[in-house]
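> Just so you know, the sequences run in chain order S and L.
Using numbering that gives the first Met the number 0, read the first sequence as starting at 0 and increasing by one per residue.
Using numbering that gives the first Met the number 0, read the second sequence as starting at 0 and increasing by one per residue.
Bear in mind the hints are in silico, worked out from the structure with no lab data behind them.
Among the hints, erroneous ones may be present.
[What the hints assert, rightly or not] Each computed EDC-like pair below joins lysine to aspartate or glutamate, with the alpha-carbon atoms no more than 16 Å apart:
#1 L:Lys53 <-> S:Glu288
#2 L:Lys53 <-> S:Glu294
#3 L:Lys53 <-> S:Glu278
#4 S:Lys249 <-> L:Glu329
#5 L:Lys489 <-> L:Glu443
#6 S:Lys249 <-> S:Asp231
#7 L:Lys36 <-> L:Asp17
#8 L:Lys60 <-> S:Glu188
#9 L:Lys7 <-> S:Glu294
#10 L:Lys7 <-> S:Asp299
#11 L:Lys489 <-> L:Asp236
#12 L:Lys7 <-> L:Asp236
#13 L:Lys36 <-> L:Glu197
#14 L:Lys489 <-> L:Glu242
#15 L:Lys156 <-> L:Asp300
#16 L:Lys156 <-> L:Glu329
Being a predicted model, the structure only gives us computed values, none of them experimental.
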Amino acid sequence: MSRSNDIDTLLSPLFRVLAIAFAVTGTLFFLFPDGTIDTLNRAGSWLGLPPAPHLTHRFWLGLGTAYMAVVTVLAWRISPAPSERRLLMEPLMVGKATSSLTCLLFAIFDQPFFIYIANFVVDGALVGIVWWAWRQTAPNGGGRGGGHLDERSNQLLQRIAEAFLPPLDGRAGDAEGIGLGGRVAAHLESQGAGARIGGAVALRWLNVAPFVLGTPRTLSRLPVDERAMVLDRMERSRWLILRTPVVALKLLLGLHAYRQPDLRADIGVDDDWLNARLEQARARRAAGEKGPFPEPQSPDGVS
Amino acid sequence: MACLDGAKLTRNHRVRCDVVIVGTGAGGAVFAAEAAKAGLDVVMLEEGGYYTGKDLSGDAKFSFDHLYRDGGLTATLGRPPIPVPVGCCVGGTTMVNSGTCYRTPDFVLQRWEREFGLEGATELDNDYAAIEQDLSIKPVPDALYGPQHQRVEDAIKELGWAGSRIPRNEDGCISTGTCAMGCPSDGKTSMAVSKVPEALAAGATLWTRAPVRRILRHRNQVVGVAARAGTPEQPTDLLVTAETTVIACGALHTPALLLASGIGGPWIGRNLHLHPATRVVARFPDEIRGWQEVPQAYNIDEFIDDGVFIQGQFVPPDVQAPVIPGWGVEHRQRMAAFPRLASFGALISDRSAGRVRPAGRSTRPVATYRLQPADRDRLIFGIARTIEAFLAAGAEEVYSGVAAMPVVRSRTELARFERLQPPATQIEIMAFHPMGTVRAGGPEIAASDPWGRLYDVEGIVVSDGSLLPTSNRINPQLTIMALARRAARKLVAP
């Protein structure tokens, strides 16, 4: 699977969701302009912000609806092949950035209506998301391999690895000694942008998830034994959002921990058995009992 | 004969042949061997690399990186998401399975014929027999049979349940215990060391590392495929035109490739069936050393009519570790008893059905699948019966794989376990054997005719697990091979 295919798998549904969200929002604005303003005014009133007035005529609504139609079509046209169509992300970003910044200016120099502030925040966030997607789909961007987990993710991974494989008296190896966190990070990085980004998101979620279980500290700030207990509780949870990332991480931690010869020997797995059979297999091959099997050759020169 | 590495193709290349086959797993390789032996000019295309025993050492990480698709992390989306590990190399999933080969039960074949119009499903005996002979399929012999399976077999007899030794495709197995990581001794007669070399010896050409991006079509006729070769930095196009195009990428990727190529019909991608499975691990008071025997050697078929099939399933510690309950010190202490652990799994015939679609314009499949409550109940039933067998065999502690009650130590606790109604999200589930997404049968309810020829377009045949109309209740590779053999023979001599 190529890297562009990999990042497109992640971005295609994202742009499809954006297109649907733009279409729904634009339709609501068009059909219920005053109702939309009233709803946002109510939210603003909780923050003590003044209510924005209703529209007095429909000219700007026409232009606003046209803008929503354009961004909907852009997101929809990008969604089937984001890497190929990344240039369409640029007008989308320009539109959303203009919408966001003009609302910021209005909030500062006109009135601090909540509707301005909300639009500044939401469209600003959308600029960030599309900009990230635009970078990921660049010909040599992070989405095409070579990307690394960020430092914070690496730290969190190390913390979780320590909880999985803590030092134990009389036992060989622990997470720090075998660099378990780094091994799992390298694994995620090798699986492309989807795994790397998904991993980073999952690690941040796991870090704050103890609050859901009533533990008033982030996972990384808990002592190692409490960290293990919290992860165990999450693994037993009936909620997928808690259980799935823990199970997935445990799978990778187990894979990388127990392939280490020291740890295998420590739990009584003698690789001598396997090594003797590998030697037997080599001898059979040398004697021509098995194989040789075809070897792929360079196709240069094929007609 | 030519065996070529697509990643080393430095300029665009065009090939013309009689039959192009996409995928070299159970369906593709058997089809290729039959067609090549009949004198047709055959080209096989494989996305993955070509690995045989000399490249393998039982290392799980290497296998996940090189033999499995998505590093072994292929999964369906749904509640819960379910991992479905599949192979991506010459030989496909036959490289990474346990070599278990059963004929599909007659009552299933009769149903396929009667309800789905899969003509000739009950007349596969000759095809089965030919494959069994070619791949040296036979029940696990005494020399390869170990204490993990022997204990369960003895317990089953005491319980009065039916069970039997598993027939496997092996010729000279030396019990490395690493079937799922690729056989380092070439004892398992996977497609990579049996039917693919047979096809090559009969004059076929194989391109490895050449993933197919599109099926080429002229009006209502499929005329070949376009593959991407070369390297990511210097990609090249490999175009193969053929009289007949055979798609054999498995039930997840075949429908995605068809749909991404604009080839469809109402049934393509629908009707995804899986064999959701669990793994139950037991700790015995004394050593078993399960890695020193064939990992899958005995099955309990007492409950097959209920859609529950229980099989031995030992895996190395790096793969077993995630199933062992607990974190930290507790987990380490349990892992320290590894030589005393045994492992069996229950797979169920699902009533749930999912769907496969391509992601955007790519050929990457997105599979959605929601486990129905009836299937969850059968999983719990299968886990309970496996625990019962282990307790009868003398296990002192059993790890259920169910988060609501991960450890069971006695029959009393087992009774309590059976009263649990845990949601599917709390069960450790993995699924195998994707099937049904290009269902074969009559034109009203199927995408292809009984020989895998699509109804909607000419010149294309599907030859993999996609064709099976429903779950076949057991490991399907032998049935996929038998259907491929008869489809190839139909092509050669219509």
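> Could you run down the list of hints and mark each one as holding or not?
Status of the hints after comparison with the structure:
1. L:Lys53 <-> S:Glu288: 13 Å, holds
2. L:Lys53 <-> S:Glu294: 11 Å, holds
3. L:Lys53 <-> S:Glu278: 11 Å, holds
4. S:Lys249 <-> L:Glu329: 14 Å, holds
5. L:Lys489 <-> L:Glu443: Violated. Lys489 of chain L to Glu443 of chain L sits at ~22 Å, over the 16 Å cutoff.
6. S:Lys249 <-> S:Asp231: 10 Å, holds
7. L:Lys36 <-> L:Asp17: 13 Å, holds
8. L:Lys60 <-> S:Glu188: With Cα atoms ~14 Å apart, Lys60 of chain L and Glu188 of chain S stay inside 16 Å; holds.
9. L:Lys7 <-> S:Glu294: 13 Å, holds
10. L:Lys7 <-> S:Asp299: Given pair Lys7 of chain L, Asp299 of chain S holds - Cα atoms ~8 Å apart, limit 16 Å.
11. L:Lys489 <-> L:Asp236: Violated. Lys489 of chain L to Asp236 of chain L sits at ~31 Å, over the 16 Å cutoff.
12. L:Lys7 <-> L:Asp236: 12 Å, holds
13. L:Lys36 <-> L:Glu197: 8 Å, holds
14. L:Lys489 <-> L:Glu242: With a Cα-Cα distance of about 15 Å, the restraint between Lys489 of chain L and Glu242 of chain L holds, given a limit of 16 Å.
15. L:Lys156 <-> L:Asp300: Status holds; Cα separation ~12 Å.
16. L:Lys156 <-> L:Glu329: Distance of about 34 Å is beyond 16 Å: violated.
Against the hints set out earlier in the document, violations occur for numbers 5, 11, 16.
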